[in-house]
Amino acid sequence: MGVTAMLALPLLLLGISGLLFIYQEVSRLWSKSAVQNKAVVITDAISGLGKECARVFHTGGARLVLCGKNWERLQSLHEALISVADPSKQTFTPKLVLLDLSDVSCVQDVAKEILDCYGCVDILIHNASVKGKGPAHKISLELDKKIMDANYFGPITLTKALLPNMISRRTGQIVLVNNIQGRLGVPFRTAYAASKHAALGFFDCLRAEVEEFDVVVSTVSPTFIRSYHVEPGQGNWEASVWKFFFRKLTYGAHPVDVAEEVMRTVRRKKQEVFLANPIPRAAVYIRTFFPEFFFAVVACGVKEKLSVPEEG
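Quick note on numbering: the sequence shown equals residues 0 to 311 in numbering that gives the first Met the number 0.
If you are wondering where the hints come from, they were derived from the structure by calculation, not from laboratory data. All C-beta atoms, glycine included, are put in the ideal place defined by N, C-alpha and C. Some hints here could point you the wrong way.
[What the hints assert, rightly or not] The calculated label-pair distances, taken between Cβ atoms and stated as ranges, are: (1) 36 <-> 269: 41 to 51 Å; (2) 118 <-> 11: 50 to 60 Å; (3) 15 <-> 213: 29 to 39 Å; (4) 290 <-> 142: 27 to 37 Å.
Please take these sequences and the hints and turn them into a complete structure.
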């Protein structure tokens with residue numbers, strides 16, 4: 000009896016592990032089949048996340064339209080995708096479109112070029128983003144406008160240009176890769192946070208408007224997306240309430256993980272995804288239900304930051 004009991008636990012764990020493995024493999028294959036032959040547009044495909052999204056959707060058999068503002072880097076991505084394509088699986092040669100969302104005046108014309116690639120758009124992934132950092136009174140209005148154009152006016156202009164095609168076909172999905180700063184404001188990121196709040200508000204409203212046309216609007220919001228090679232340092236955190244509250248336990252999501260989540264979001268047609276560790280999740284909760292405490296913590300962190308002399 001004792002030996003049987005001792006063997007039961009390892010066998011149970013082995014069985015659970017096997018079932019989890021099978022579930023993950025089935026889920027992965029299901030995810031890829033969901034985008035087979037779909038026309039998928041990815042903005043800023045030359046960024047870290049854009050490349051990973053391109054890889055995941057290309058492997059899944061999507062007909063990609065890769066957009067970016069640097070033609071040489073787009074061509075490099077194109078060659079990389081072609082070189083690793085599996086001959087035994089059906090894949091399509093990606094099409095390349097030069098697009099700078101911060102130049103709103105050109106977006107309408109580029110949208111026509113995008114539609115000409117395959118005659119339709121099934122999935123539009125908004126990945127482009129411009130960041131800015133500094134005290135509000137030291138950031139020029141020109142930079143504020145550039146950030147708002149790239150993060151808000153550019154994406155909604157492209158969306159409005161491609162949306163009639165989805166509505167007329169009564170199918171489609173729009174995925175906005177946003178940020179935690181679309182939910183709460185972070186000091187020294189006024190323009191960036193404002194643009195992310197605006198984008199989230201627009202697509203939340205749009206979701207309800209287009210539901211009757213079977214068009215799905217999804218938002219994927221990580222805390223932030225770290226670079227491939229940046230790992231959290233050890234023992235080098237400043238004694239700051241702000242850094243502990245928002246950074247110490249949140250190292251950001253890896254581009255590969257976010258790309259896989261974007262694929263799952265498309266497959267499951269999820270409306271909203273929040274990729275965050277417990278600390279930023281708690282911050283959003285506190286901001287909603289205990290705003291005065293949240294503002295006090297943020298103000299304390301800002302005062303500590305301003306009291307530390309800057310290097311250089």
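Review point. Quick check: which numbered hints come out false for this structure?
Key: As far as the earlier hints go, only 1 is violated by this structure.
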